[in-house]
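J.: Chains as they are written, first to last, in the numbering used here: chain A, -9 to 164; chain B, 51 to 1037.
A few of these clues could be false.
Selected chain A positions facing chain B (in silico; Cβ < 10 Å) [claimed, not checked]:
#1 A28
#2 P29
#3 Q65
#4 G81
#5 A89
#6 S103
#7 D109
#8 L110
#9 D113
#10 H127
#11 I128
#12 L145
#13 L152
#14 D155
Calculated directly from the structure, the hints in this document are not laboratory data.
For glycine and all other residues, C-beta sits at the position ideal for the given N, C-alpha and C.
Spelled out, the chains give:
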Amino acid sequence: MSDFRPTFRPALGAKTAITSAEVKLSALPEGAIVQVLAPPGEQDVASFLSGLGKGGVRTFSPGQWLIVGDEPMTQEDMKTLFETLEPRATGVDQSAGRARIRIDGKQAGRVLSKGTALDLSADAFPVGRSATTLIGHIAAHITRIDSDSFELIVLRGFAESLWDDLTRMSAEYR
Amino acid sequence: MTSYRLATGGLIDRQTPLSFSFDGKRMLGFEGDSLASALLANGQLLVGRSFKYHRPRGILTAGTAEPNALMTIGQGGRTEPNTRATMQELYQGLEARSQSRWPSLEFDVGALNSLFSPFLGAGFYYKTFMWPAAFWEKIYEPFIRKAAGLGKASYEADPDSYDKCWAHCDLLVIGSGPAGLAAALSAGRSGARVVLVDEHSAAGGSLLSETATIGGASASQFVAETVAELASLSNVQILTRTTAFGWYDGNVFGAVERVQKHVLDPLPAVPVERLWRVVSKRAILASGAEERPLVFGGNDIPGVMMATAMRTYLNRYGVAPGKHVAIFTTNDSGYALARDLESAGVNLVAVIDGRPDAGFRYSGRARVIKGAYVSDAHGRKALSSISVWKNGSVETLKADALAMSGGFSPIIHLACHRGAKPVWSDEQAGFLAPTGLNGFELAGAVNTNSGIAACLADGAARGAACVEALGFTASVATFATVEGDIVAPPAKPIWKIPGIKGKAFVDYQNDVHRKDLALAVREGYGHVELAKRYTTNGMATDQGKLSNVNAIGLLAEARGVSPAEIGTTTFRPFYTPVSFGALAGGHFGHHFQPVRESPLHDWAKKQSAVFIDTGLWYRSSWFPRNSETNWRESVDREVLNVRANAGLCDVSTLGKIEVCGNDAAEFLNRVYSNGFLKLPIGKARYGLMLREDGFIYDDGTTSRLEEHRFFMTTTTAYAAGVMTHLEFCAQALWPDLDVRLASVTDQWAQMSVAGPKSRRILQPIVDDDISNAAFPFLAAKEVSLFGGQLQGRLFRISFSGELAYELAVPAGYGESVADAIMEAGNPHGIQPYGVEALSVLRVEKGHVTHSEINGTVIPADLGFEKMVSQTKPDFIGKAMLNREGLTAEDRPRLVGVVPLDPKASFRTGSHILAKDAAATLENDQGYVTSIAYSPHVGSTIGLALVRHGPERHGEEVVVWNGLCGEFTAARLCNPVFVDPQNEKLHV
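Chain A extracted, bound-state conformation (with noise of 0.2 Å):
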């Protein structure tokens, strides 16, 4: 069945991003994620991912990182990325099993602050901070990626329940 072309579907694929102006919804492409995890005493394993410039590097938890990139990963690429990452580190693809959902705006924060008990002020918790938290039942994983702008990961499976009910949190300020 070479002659069949396998299409990609992604998670969020169906929604349409909201806009206003004070809080603004959309789904991120669905490009690449590898969950990078490091032995326990390995140095400096953050600022080593950063100068793979292979995406951008979210703090995901003790001793693990997430490297995210809009632009999907080839099969050859990924294989190449974690025989780099070895022996510090080793890598799973978890490209197909998050869904990325930015929320930007001056309400971005409160709309947040409906699901989760972080502290999202920008002394506590300034750009390039990432934690994973609950939004209400939902587990995700925040990063602030500007002053008024927040990168969610979440599980695939959860990625609608959890674009609905940003929609509902947000609709107040819409």
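Given chain A's structure and the hints, the job is docking chain B onto it.
T.: What follows is chain B alone, placed relative to chain A:
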């Protein structure tokens, strides 16, 4: 003779009249009115009936503690019973209805209860409804239930939305009276993040009821200027209409904001209430003090009111309480009201001061009677006169309004929410908050300050101190001189007033009067907690805000001890009632709980799947075809088709974990009871995971993809649990092992392609050779698909017992690949099958799930003895497996069951009896764990855990369902009903 609106004065907007109704009667109020002030302005003294005796009741307070003016407002789904008229802002079109009366407020049949009051004392129903016993269920209970309750909830759905959110701050200030405002100002100016909450519609607290001036400006003007400054600070957030209701661990406070409870038509996109969880590094309680009622006869007649409340109605709302007003006080605060009433031109009949030696020099015209008490108030639906008792003689004074002030109780509830008990102070004549609250300070009246100047100074100092402790540089805010401030030092409380003739109420909301408390003590319920239950004092929506301290005082007197010895009942959240709507927030309807969708969800939908909730997942249950009318038809067809041709089942919901690191193999070897150290690359192995106690925890296959990379599958139900377990093992048990765990459940769309034709269907899709020789049973590897267009993972594993493969592809391609398999399989008769068919296939094959692995079984019970390694030095569960009970010979073990009559059936959970044994628990030999209708066998089949089961194949038994009284003759048999030699797996 009644209350009325003064021609001038108050903070209301007389240019904006608002029309509203009470019990259908149209009335007018003004913007800025509360429902209570508007009712008083309209001369409506009678606003409700009491709970037990249905006595006429009027407005008693101007705030949160109101026990009488509870009303139902709104219509349909917006009906809200027990709304305190004192807290409800007036709006155009508001409709209020009185409660606890029939047929009308003016004429209430329930008032007959008053005639029987000698029989209706505390605990009367414990004593009265004892016999005959049969009457309880049919007569007494329905009658009591009908009579009980405050207001009626609507059965209609609430059309409004609610929300919850979090806030974070350096300092939370609760209350925006003088102390709260000053604290927020000191802290706010330092740059600290401050949240200021106040339960009223406007900030200002008691200052809004004041006639004193601050630096020459009116108190309300001072409030406006201060609030404007706070509002201009970006680090200060002011939340009015927000009640802080609880103090929780970690200095988290709960608060509820009434966002749109003051409008007729709430904006649909905006919640009507918002529940805040405020995480604060420091907090200041500036909640003020509650004025205590005085317990004299008829103290509940409409027209009798708290003195500070009367002052609020007068000064804030421009409402006079009556034409001839009297004041009964035990402290100096009553004179502030006296002064304001006389300035407003209201006739003040007398100030009755309980202190013979009262030193306050009152300069007004009114008569001051010292050392006297109001022993009784008279009137029915409105006050007409009062009896003033002095040294044994009684004088009657004509009065249509009476203010009372029995001293002040600091509002310390929140400070006691985390377990600390209030402390009685004789000096302050009240219960005070315990000290050492660790980041939670008190300021103002709650901290025993009296007067505006003292509260401002205390608040300012504490606000500054709190943020300085956090590293901010703060200076204590200072304020101009206060003119006309009345400082009321604490006065000796008067619990027992002499000469009382009528009913003297302690708890208005529950109709508890002083004799009830005396009775409780006489009958042995003098402990404060017992007295509460016995008399109901302090129960219901107000939780004794006005009554508790008086009740404690009366209990103390009756027992001849100090209130310190009586103590208080326990303070718990919520400070005031919080709606279920606010607690649920947005998690309602579609948003009640999230849905977890498989990447093949839409593919299954296209195949007309019937879904079933599996945790948060939705799994395909079966796929009905047009002509099929019940689920069994569909499931039987799917099962037969898998055995004859092939089927495609979505197994994406199974947990998937990548286990990496240099010690991954050693790690798995310790986690599983069977060996994994030597699992070759490219191979899968079925693994059993035990708990420490030796019982089986979970099962699944784990494949070795690379030297240091394994791919583990778990059951759907235990995916998260296994991940947590593995993390615990890695982090806590064996931190020395280099092992790294990643959950990849959502990364892969995984499809089981099962059936004798599965290879023929998959081979054109998979570029690699998947023949039996090249890809034998339990092979596992990465494969190329569609001529190199896609990479996937292929596993030759089988739950159905047929030749089968599981193909995993990146989730986003799942639907497309499933479509391709269906297309390729079409000539071979492929059909989708759901979890019901999957379950039949596995029962036919004797494969276990958590129906069998139910927390009581060890490997040997299921015939898995060989999966318990005898050579490994250790693995989880090894030590405990050798316990006496786990090695007993008569443990229930896995066996198959079939009915003797193929048309007969039995149910899961039924028990096994020997053929001729009586149906008793003593004869119980085991139980059925799973059943299915097997199209292959042609009857119901079951798996069961039965004593000596494997040795009893062929034995006739009885399957006994004690719950339904069913007995089915059956035979024990081999639990593998299909292909016991596993020949199909290896073709």
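J.: All hints are to be evaluated individually against the structure, with a verdict given for each.
T.: The hints, checked one at a time:
1. A28: This hint holds: A28/A lies near chain B, its Cβ roughly 8 Å from the closest one there, short of 10 Å.
2. P29: holds, 5 Å
3. Q65: The hint holds - Q65/A has a Cβ within 10 Å of chain B, the shortest such distance being about 5 Å.
4. G81: Result: holds, 9 Å to nearest chain B Cβ.
5. A89: holds, 9 Å
6. S103: Holds - the Cβ of S103/A comes within 10 Å of chain B, reaching about 5 Å at its closest.
7. D109: Since the shortest Cβ distance to chain B is 4 Å, the answer is holds.
8. L110: Holds, about 8 Å.
9. D113: Nearest chain B Cβ about 9 Å off; hint holds.
10. H127: This interface hint holds because 5 Å falls under the 10 Å limit.
11. I128: Because about 5 Å separates I128/A from the closest Cβ in chain B, which is inside the 10 Å limit, the hint holds.
12. L145: holds, 5 Å
13. L152: Holds. Min distance 7 Å.
14. D155: holds, 6 Å
In terms of the numbered hints stated before, the structure departs from none.
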